[in-house]
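First to last, the protein sequences are chains L and C. The letter at position 285 of the first sequence is residue 284 when you use numbering that gives the first Met the number 0, and the numbering goes up by one with no holes. The letter at position 128 of the second sequence is residue 127 when you use numbering that gives the first Met the number 0, and the numbering goes up by one with no holes.
Mixed in with the good hints there might be a few duds.
What the hints assert, rightly or not - In the EDC-like style, the derived pairs of lysine to aspartate or glutamate whose C-alpha atoms are separated by at most 16 Å in a straight line are:
1. C:Lys-168 / C:Glu-36
2. C:Lys-168 / C:Asp-70
3. C:Lys-53 / L:Asp-297
4. C:Lys-82 / L:Glu-205
5. C:Lys-53 / C:Asp-87
6. L:Lys-193 / C:Asp-94
7. C:Lys-83 / L:Glu-195
8. C:Lys-134 / C:Glu-106
Claimed, not checked - Derived DEER-like restraints, expressed as beta-carbon distance ranges:
9. C:Arg-13 / L:Ser-186: 17 to 25 Å
10. L:Val-136 / C:Ala-77: 22 to 30 Å
11. C:Glu-9 / L:Arg-207: 36 to 44 Å
12. C:Ser-182 / L:Gly-30: 33 to 41 Å
I should point out that these hints are in silico values taken from the structure, not numbers from a laboratory. Quick caveat, the model's predicted, so the values are computed rather than measured. Cβ atoms here follow ideal geometry from the backbone N, Cα and C, with glycine treated the same way.
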Amino acid sequence: MSEVLNNSNDESVGISKGLRHLLSGVAGSIGMLLRNSKAKVGFSILLLLGIFAIVGIFFSPYPPNAYIFAKSLPPNRINLLGTTGYGQDVFSQLIAGAAPTLLVAFSVGLLGTLISLAVGILSGFSGKRVNSVINAVVNIFLVVPGVLLIMLFGTYFLGIHRNLGYLSTIIILIVTGWAFGARTFRSITLSISKREYVLSSILIGESRVSIIFRQITRAIMPVVVSNFFFTAMYGTMGLTFVEYLGVGNLEQVNWGTMLYWAINNEAYLTGQWWWILPPSIMISFLMFGFILLNFGLDEIANPSLRIFLKKKPKKVDENA
Amino acid sequence: MLRSENVSKEFFMRKGLYGGTKISALSNVSVSVREKEILGIVGASGSGKSTLAKIMVLLYRPTSGRIIYNDSDVSNIAGRRLKKYREDVQMVFQDPYASLDPFHSVEWHIKRPLIISRYRGNIDGRVDELLEMVKLDPPVYFKNKYPNQISGGQRQRVYIARVLALDPKIIIADEPVSMLDVSLRIEILDLFSKIRDEFGIGIVYITHDLNTVSMITDRIYVLKNGVVVEEGSTEDVLANPREDYTRKLIEAAPDPYKRL
Chain L
0 MSEVLNNSND ESVGISKGLR HLLSGVAGSI GMLLRNSKAK VGFSILLLLG
50 IFAIVGIFFS PYPPNAYIFA KSLPPNRINL LGTTGYGQDV FSQLIAGAAP
100 TLLVAFSVGL LGTLISLAVG ILSGFSGKRV NSVINAVVNI FLVVPGVLLI
150 MLFGTYFLGI HRNLGYLSTI IILIVTGWAF GARTFRSITL SISKREYVLS
200 SILIGESRVS IIFRQITRAI MPVVVSNFFF TAMYGTMGLT FVEYLGVGNL
250 EQVNWGTMLY WAINNEAYLT GQWWWILPPS IMISFLMFGF ILLNFGLDEI
300 ANPSLRIFLK KKPKKVDENA
Chain C
0 MLRSENVSKE FFMRKGLYGG TKISALSNVS VSVREKEILG IVGASGSGKS
50 TLAKIMVLLY RPTSGRIIYN DSDVSNIAGR RLKKYREDVQ MVFQDPYASL
100 DPFHSVEWHI KRPLIISRYR GNIDGRVDEL LEMVKLDPPV YFKNKYPNQI
150 SGGQRQRVYI ARVLALDPKI IIADEPVSML DVSLRIEILD LFSKIRDEFG
200 IGIVYITHDL NTVSMITDRI YVLKNGVVVE EGSTEDVLAN PREDYTRKLI
250 EAAPDPYKRL
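Only chain L is shown next, with the shape it has when bound in the complex (with noise of 0.2 Å):
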C-alpha cells in the first residue's frame, strides 16, 4: 500500500515537474526575445497597447456610445480626435474598443495555439494510423475558408435577429484558425521525435507523457511562441473583419464595429479622417507589434537571418 502511495506521488511530482520546466521554457523565450531590437520594438508596442487598454476598461473620457455632442466635429480640446458622425467621442471610442480588441486577439492566439500543440504533438508522436486519421482532419480544417464560416454564421445569427457576441466571435475564429499552427507542430514533432536524444528516452523507457512535456514542448518552444503571434494577428484580423461586415453586434464598441461605422458613413468621402484613422492606425500598430515580434523570434530562432553587429575587435593580451 505504501509502495503504491509512493509511486502516485512521485508521478505527480513529476508532472508538476514537467509544468515547471515548461513555464521555465516560456520564460526563457521571453527573455532571449528582449535581447533582439525587433522584438524589443513589438515587445513594447504590444505592451504600450496593453496598458492602453486596461487603462480602457476603467477610464474613458466620455461614455463610448453616448451621443452627446455636435456630429462630425474635428480634433478639438473638448473631443481630443473629434466626434462621429453621430455625435459621439471617437478617442472614448478608441480607448474603450482597445480592451474587447485585444482580448479577442490574445485569447485566439493562445486557445488555438494550445490546440494546434496539442493536435500537433499528439499526431507527430503517435501512430501511424493516428497520425493519418488527424493530418486527413487538419487537412479539411485548412481547406475550410475561414472567411466565409464567418459570414455563414454571422448571417445565420442576423436572420435569427440575435448577434455575434465576442464569445461565439472567438470560437469561431479558433475553429477557422488552428489547423496551419497543428501542420507546423506535426512536422516538427515529428523531426524531433527521430532525433536521437528522444529515441534514447524511449529506450531507458521514459513515458510518451513524459518524453512530450519534457522534452519536445521544450525544444520546439520558439515556435509555439511564433504561432501564437501568428494567431493573435489572425485573432485580429478575423475580429475586424466580422466587425466590418457588420455581422457581429455593432453595439459593442472595438475597433472593427468603429471601422464599420465610419466606413458605412462614407467618413473617407466626407473627409471625416479623425473617424477612419485612428481605429485603422492602432489596428496596423498591433499587428506591427505582432510582426515585429515574430521576426525577431525567426532571427533567433535560425541564426542564419541574423544580423552582426560589427564589434570592436577583442584585445589581444600580448603577454598570453
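Keeping the supplied structure of chain L fixed, place chain C upon it in accordance with the hints.
Leaving out everything else, chain C in the frame of chain L:
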C-alpha cells in the same frame, strides 16, 4: 544470451501512389552474444550494421526471423515486457552530439533512468558513483553542466553512465567512437572493456574500423550487404581472412607505417 535467428529486414520505399521497391537491409542474419563477451560486428557503410543494432534493441522489428533473449522469443513483445527487455539490453549511439538532450543537464540524463527503473537507494549518491565510474571526476563539476558545455568524449561518457544507470546485461554500441578523435577513442574503448570486466556486461561493438576492433573484441562477425560472410574469433579472422571482402576491409584500415 542474446541471439538473432535468421533475421531479415526489408524496408519498403514508396514511389508514387502504388509503386515502390523493397530494399533488403538484412537477410538471414544469425549472430549470438555470449555472456560477458565483447562481440564485434564489422562491415562497410550500408552493410546493415546499424539496422541490426536497432533490431537488437527492438527499435525496428525483424521482417522475418526471431530475436531470442535468455531462451525466449522477444521479437514481438510490447508494453511492460518490452520495458523490462530494454532495461537489460541498451544501446549507445554513434553521435554523442545528438544523443543527449541539449535542454537538460548531465545530472538529469543519469537521474531519469534511475527514477524510471525504481532504483532503491540514494539516487544522488548513485549519480555521483556512475559519473566517477565513467571517469568524469569530480562529479560535482559535471553534474550541472549542459551537453553543449562539455566535449564529445565527455558526452559519450555521460551517455554510457546513463546506460549503466539501468544496470543492463548487454550494451549495443553502434559506432560509439567514430565521432571522436583518435586519442579519445582508446579511452572510451578502455572504458568498455573495464565495464565488461567489472560488471560482466556483454558488449556488442559495431564498427567499420578494424583497428579498434582488434583491440577489444573477442569474436567478430563480418557483414556484407546484409549477409554475414565471416565469423570467428578476432585473432583468427584478422590473421587468416577467408573472404575477399574481409581482406579488403583489413587492407583499408589505416596503418601508420604504411606509405601510399
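These are the hints, each one checked on the structure:
1. C:Lys-168 / C:Glu-36: 11 Å, holds
2. C:Lys-168 / C:Asp-70: With a Cα-Cα distance of about 15 Å, the restraint between Lys-168 of chain C and Asp-70 of chain C holds, given a limit of 16 Å.
3. C:Lys-53 / L:Asp-297: Roughly 36 Å between the alpha carbons, so the hint for Lys-53 of chain C and Asp-297 of chain L is violated.
4. C:Lys-82 / L:Glu-205: OK: Lys-82 of chain C and Glu-205 of chain L at ~9 Å, within 16 Å.
5. C:Lys-53 / C:Asp-87: Since the Cα atoms of Lys-53 of chain C and Asp-87 of chain C sit roughly 15 Å apart, the hinted pair holds (cutoff 16 Å).
6. L:Lys-193 / C:Asp-94: 14 Å, holds
7. C:Lys-83 / L:Glu-195: Status violated; Cα separation ~21 Å.
8. C:Lys-134 / C:Glu-106: 15 Å, holds
9. C:Arg-13 / L:Ser-186: 17 to 25 Å: 18 Å, holds
10. L:Val-136 / C:Ala-77: 22 to 30 Å: Since Val-136 of chain L and Ala-77 of chain C have Cβ atoms about 27 Å apart, the given range 22 to 30 Å holds.
11. C:Glu-9 / L:Arg-207: 36 to 44 Å: 28 Å, violated
12. C:Ser-182 / L:Gly-30: 33 to 41 Å: With Cβ atoms ~39 Å apart, the hint holds.
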